[in-house]
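Chemist: Sequence:
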Amino acid sequence: MILLGVIVVLILWVVMAYNGLVGGRNQCQASWRQIDVQLKRRHDLVPNLVESVKDAMSYEQETLRQVIEARNAAVTAGEKAAAGGSKADAIAAENQLTQVLTRFFALSEAYPQLRANENVSRLMEELTTTENRIAFARQHYNDSVLSYNNRVQMFPGNLIAGSFNFRIEEYFQVPEAEAKPVKVDLRPG
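To convert, count from 1 in the sequence shown and add 116; that's the numbering used here.
FYI, nobody ran anything at the bench for these hints, they're computed from the structure. Hints may contain errors.
[Said to hold, decoys possible] No farther apart than 30 Å at their CA atoms in a straight line, the calculated lysine-lysine pairs in the DSBU-like style are these:
1. 156 / 203
2. 170 / 156
3. 156 / 196
[To be verified] Using C-beta positions, here's what the derived DEER-type ranges look like:
4. 136 / 229: 51 to 59 Å
5. 262 / 160: 24 to 32 Å
6. 135 / 163: 23 to 31 Å
7. 184 / 136: 20 to 28 Å
Where a beta carbon is used, it is the ideal one built from N, C-alpha and C, also for glycine.
Full structure from sequences and hints, please.
Modeler: The following block contains the structure:
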């Protein structure tokens, strides 16, 4: 009878640990999809904003080209990640887009006619709001990854995780070089 009780408790523990790992993995995936939603919004806004400022920022065509290239690379990497590809590639592409957009925002401050243009102002405000949503979604994703990775790596959950092939998830990190403030020099030369 005692042996049967121990077996039942052990089976219940395995089931609960397994379900906790599945729930954590699903939370990570759902959090990643929330990032996708915000990134899609950003990807849709960027071409509209670039088109709106193209004439006014005639001297900054290289920056505009970089914004579009980074946006296209981020879209492609995101599609590959959604199809089962590397999240790391998508994260790197999005970080590159964030860096280029930061530089773009800093440069756009030097053009008073852009700040006065209602359409450009509205698009920039929408993009800024979207960037804030992306930051929140990334934070939520990283919190989910932390919780899940703890379950995968800590004893005794790691016994179940290893047995059922649960793997740690990658954090959405900003590379150290990109975490530094963007320096913009508006002096000709």
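Chemist: Is the hinted pair residue 170 and residue 156 satisfied, with a Cα-Cα distance of at most 30 Å?
Modeler: The hint holds at about 22 Å.
Chemist: Taking 30 Å as the top limit, are the C-alpha atoms of residue 156 and residue 196 close enough?
Modeler: 14 Å, holds
Chemist: Quick check on a hinted range of 23 to 31 Å for residue 135 and residue 163, using CB atoms only.
Modeler: Violated, since residue 135 and residue 163 (Cβ atoms, about 44 Å apart) do not stay within the stated range.
Chemist: Quick one: are residue 262 and residue 160 within 24 to 32 Å, going by C-beta?
Modeler: Distance hint for residue 262, residue 160 holds at roughly 30 Å.
Chemist: Between residue 184 and residue 136, is the Cβ distance one that fits in 20 to 28 Å?
Modeler: Violated: the Cβ-Cβ distance is about 44 Å, outside 20 to 28 Å.
Chemist: Do the alpha carbons of residue 156 and residue 203 lie within 30 Å of each other, as the hint requires?
Modeler: 16 Å, holds
Chemist: Given a hint of 51 to 59 Å, does the C-beta separation of residue 136 and residue 229 actually sit inside it?
Modeler: 56 Å, holds
Hint compliance for this structure: hints 6 and 7 are not met, and every other hint is.
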